[in-house]
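**Student:** Go ahead and model the full structure; you've got the sequences and the hints to work with.
There are 2 protein chains.
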Amino acid sequence: MPKTHTRCFHNQIKTAVVGGPVGAPAHRLYFIRDNQPISPWHDIPLVSNASTREYNMICEIPRWSNAKLEIDTKAPFNPIKHDTKNNKLRYVANIFPYKGYIWNYGALPQTYEDPADIDPDTKCAGDNDPIDVLEVGSKICREGEVHRVKALGVLALIDDKETDWKVLAIRSDDPLAAKINGIDELESFMPGLVSATVDWFTKYKVPDGKPYNCWAFDAKSQDAVSRAIPLLSADFIYLELLE
Amino acid sequence: MPKTHTRCFHNQIKTAVVGGPVGAPAHRLYFIRDNQPISPWHDIPLVSNASTREYNMICEIPRWSNAKLEIDTKAPFNPIKHDTKNNKLRYVANIFPYKGYIWNYGALPQTYEDPADIDPDTKCAGDNDPIDVLEVGSKICREGEVHRVKALGVLALIDDKETDWKVLAIRSDDPLAAKINGIDELESFMPGLVSATVDWFTKYKVPDGKPYNCWAFDAKSQDAVSRAIPLLSADFIYLELLE
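Protein chains in written order, with my numbering: chain A, 47 to 289; chain B, 47 to 289.
Please note: incorrect hints may appear among the correct ones.
Any copy will do: because identical chains look the same in the list, a pair fits if it lies in one copy or spans two.
Claimed, not checked - In silico DSS-like cross-links for lysine-lysine, where the CA-CA straight-line distance does not exceed 30 Å: (1) Lys266 - Lys145; (2) Lys114 - Lys134; (3) Lys225 - Lys251; (4) Lys225 - Lys207; (5) Lys60 - Lys207; (6) Lys249 - Lys207; (7) Lys60 - Lys256; (8) Lys225 - Lys256; (9) Lys249 - Lys60; (10) Lys134 - Lys145; (11) Lys251 - Lys185; (12) Lys266 - Lys60; (13) Lys114 - Lys145; (14) Lys207 - Lys185; (15) Lys249 - Lys145; (16) Lys225 - Lys120.
Hints are computed from structural coordinates only; laboratory data are not their basis.
**Tutor:** Here's what the structure looks like:
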């Protein structure tokens, strides 16, 4: 691993940035445990505590930033990279009245939305990526941080005709985590956030010349417990993928 | 003037930052012309082009930032400083769904809202500061930049029982400036921004334990031409202040 700065996180995982900061095309953030590079996608457990619906989340994008950072599912050790399209670094536009991403945005390790699998609810195939998490807590998470989060609900976005589940979650160490256990309580403590989430994803590709995105379930959040089913099924598919 | 970095702006004005960056209590940004410190409040002309309602604006706070930066009306040469309250640096909270200030925020030079003057419309005295400008253009302005802006309308905020006019304006060099000449056109090109502005100021002191702010004129924007009256009257009062 090239010489660079490291930061300590959850579960003795360190990270190493190479190729320059975010905004440099060569930017990569690698995950390291016991001085060995690991894959955040494969080598971090999904479930932290099943009975409390707590999962591990890998933060890719800090709240209020614009750079589209994501786990590179194709590269060895799956570092986080700055996504490109047509050889240009991707940034989300600021969709008024929002600034950048309005949550800490990340992925659930050891999950996979299979493009060969038509979801019976959404009638669309998976988007070929890990399942996305929207973390709503009060702290800004940094790229590469790994946090225990509690799942509150899931929205079924149809993005460019692909199923792209968005799990709403809150960090277990957030001051409000004990009080927010589901979507109704999220609405009580953070009124408007769920509808803003729907609004944000509906419109976020319009500045790129694309149409509004659609939603399954009439854009209503599904219960996190029953929709642990897609998580587990995604997990199951993931295990098949590794075989 | 201590040795520091300088930046070139409008009208041969340079700026010099001393005392550390924003967030350092000693941070000050001074304005310099012909190698002499000048006062941005007193030494920059208010009117750029009266017939086109163009004024000069001193940017204090970049859009989407949180630090409450303002011209120090008491200190020699009126540098921009990071405002404090009870010895703590002031930051505005992020009022959901907004991030920080939602415009480039600044002041109109050579204006003054007189605390000895009860405004006949608002029935409240002035707030003892220059008139505030909210610049809505597409570029993020930096602290200390001076720009020519076109006034589009004015809102009459009653903040803590003081009159605090907010002039909505757009930089004359903005790509949309030629198309936006008033509040109705602003609403056409940036739908929701005026109501978001009202919402923002109504609530922005609530996180500090203060009540909602109120508005004169039922929070409706007043025509910039007729409300050139308050600008000119403020200017007139300002001239009295200097005598």
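**Student:** Check each numbered hint against the structure and report the violated ones by number, ascending.
**Tutor:** Those not satisfied are hints 4, 5, 7, 9, 12, 14 and 16.
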